[in-house]
Every structure is written in C-alpha cells, then in structure tokens.
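**Q** Keeping the supplied structure of chain A fixed, place chain B upon it in accordance with the hints.
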Amino acid sequence: MNPGASGGMRLLSAVTVGALTRRAHVRVTADTPLGTVVDEMTAKKRGCVLVEDGGALVGIFTERDLYSRVDHAGTGWSAQAVREVMTPRPVVSQPGDSLADALRQMIAGRRRHLPVVDDAGRVLGLLSVRDILAFVAQRFPEELMHLPPDPGHET
Amino acid sequence: MRRLTRTIEEIGWTDVPRLPASATVAAALELMRRQAHDSVLVLRGDGDGDGDGAGEALVGIFTSRDVMTRVAAPRRDVATVTLAEVMTPAPRTLAPSDPVAFAINWMAIEGFRNVPVVEREGGGRVRGVLTVWDVMRQISSLFDEIDATPRDVAPQDDISGVTTVDLGGGA
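Chains as they are written, first to last, in our numbering: chain A, 1 to 155; chain B, 1 to 171.
Chain A on its own, in the form it takes in the complex:
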C-alpha cells in the first residue's frame, strides 16, 4: 500500500469491509448462561460475542447490553440465558459493502461491532470500530506518527 497521506486520500473511499481486518469472533449458543458468556468475554478480552442458534446468527451480546439490559441486582443474572438479553437480529455487513457505509451503520446505532456475513448469512468475521481506527491511523501516518502513546490504563 501507499503509506503516504495523499495515496490514502485517493483510495480510502473505495475500500470495502472485506478488505479490512476482521477479528476472530467468539460464538456462543443462545442458551448459554450469561455468567459463562461474561467469563468468556473477559478471558478472551472481547467486547462482544455472536449468538448462534442451530448454526445461524440470531443475536449479538455486547458490553453495552451487559450494563443496559441486564439486571445486576443479586447474582441471578449469571444463570440467565444470553438469548434473553442479547440484541436480536443484529445489523450485519457484507464483504463487498463500502467501509463508509458500514461506518455509517455503526454510528447510527452506536454499534461497535458489525458481524460480517456472506450471501448465505454465514458469519465470516467481525468488523469493529477499532479496526477502522487502526486503518485510518495506518492510512494517515503523517498526521499520526508523531504521537506515540505511552502504555497506560484502559478506559
């Protein structure tokens, strides 16, 4: 690729979802207890899991669902099935979609992750806002390269 800013500028809008890194996704079945899901997300350092039922994508469960849809009073929540608190029928993206369109969908619903599926609806991977941030950082190094972050906390 052309690492220069001008090259990045010319090509950016032609980039598709399929051209970006799609991170390995974590899958759970819809009847998985929430406690197990949380443990899995924590162990694998993921902000979401994809929920499948009979091999089909039926939902997504994210950190946002955890604070906004789960009743944390007591410990009962951990036995609850993820299907009860997941976001059902998630908005998905396809490899041929433009990155710009995918980003608009993410912003519109404040969705940090879009499952990427093929024509048959099979999950190919996951596109996250962080992938897009990394892409922009890579495409505009002149603006960004003089800003080395130091190791720090997580926010």
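Hints listed in this document are in silico derivations from the structure and should not be mistaken for laboratory results.
Please read all numbers here as calculations on a predicted model, not as lab measurements.
Honestly, I wouldn't trust all of these hints.
Take a look, some chain B residues computed to stay more than 10 Å from chain A by CB distance [claimed, not checked]:
hint, residue
1, 7
2, 12
3, 20
4, 23
5, 38
6, 77
7, 82
8, 122
9, 125
Between beta-carbon pairs, the in silico distance windows are [claimed, not checked]:
hint, chain 1, residue 1, chain 2, residue 2, range
10, A, 81, B, 148, 43 to 49 Å
11, A, 36, B, 111, 22 to 28 Å
12, A, 141, B, 133, 19 to 25 Å
Positions of the beta carbon are idealized from the N, C-alpha and C atoms, including for glycine.
**A** Just chain B, lined up with the frame of chain A:
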C-alpha cells in the same frame, strides 16, 4: 488531512454523568442506562452537580468495560461496591486543544473508547469525555469528503497492506 488535525475543542465531546468515588456501582449503572452512556466520570470536589466542573478534580473513569471485567466477571455486588473499588483511577486525559489525531492513535492502539477531556491550565477543569463516537463521526465525514473529491484511480487499487482476513472461529 485537515480534519484529523482539528482540535478536540473543534469537534466537541460528550457530557457524561459525574459521580463521587463513594457512589455505588448500582448508582452508576442507573445513570449509564438512563442516559445511554458508556462511561461515568468519577470526581472529587464541589459535587454540586451543576456540571460546571468548578472546584472538581478527576479521580477516575468507570466504563462499560469496567462493568464487565471488574464487576460482572468477579461477581461483585453492585449494591455495595463503590466506584473507588472498580473505576480506572487517574486515567490519561486529553486537553481541548489537543488534535483529534491524538485520540485516534490512543483508541486504535490501546483500545481506549472513552477519554476524559480536562483543561491543562486553570486548575484542570473537567469538561467531559471524548467518546469513540465523537471520533468516528469525524472519520465518517472524512470518508464523505474523500468520496466527493475527484480522483483518477481504479477502485481496486493495491490494498494488500491492510488485507488480513482472520476467520478464526473462537468459541
């Protein structure tokens, strides 16, 4: 790109709830839910709740990630655990005069999604949180600007440098 050299002040940030470190996680969750915010700022100071930040100092931030890793995963009791115990203390901050590129770098490399915005001068007034959505709106506008810019390049140019398809199955 000029858009990436804009300052945080120019692009704007997000007002999020503010709580003292003695508040319970349950209180924080209630505010996050009601106002659909991914984070709350943890302050010590005047605590008058008028949001002007006068006399206040940032001591931490509590985010949706902390809910998962520090509250839900260890099965802490939200009714009794305080923010002091589970917040991210002394977080790194951005100043209103910093370029948005700073935030892109931190968010891309370290995975930050909510960065407190604090004045560097004048007693460190706490302004709010720069969220990943504040930044992504700028990137989306950048994409739109590039789409509107005449260019003479084939749509499928070499993008191999960024092509990494990981189809790992995970769990």
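**Q** Broken hints, numbered, in rising order?
**A** Structure breaks hints 5 and 6.
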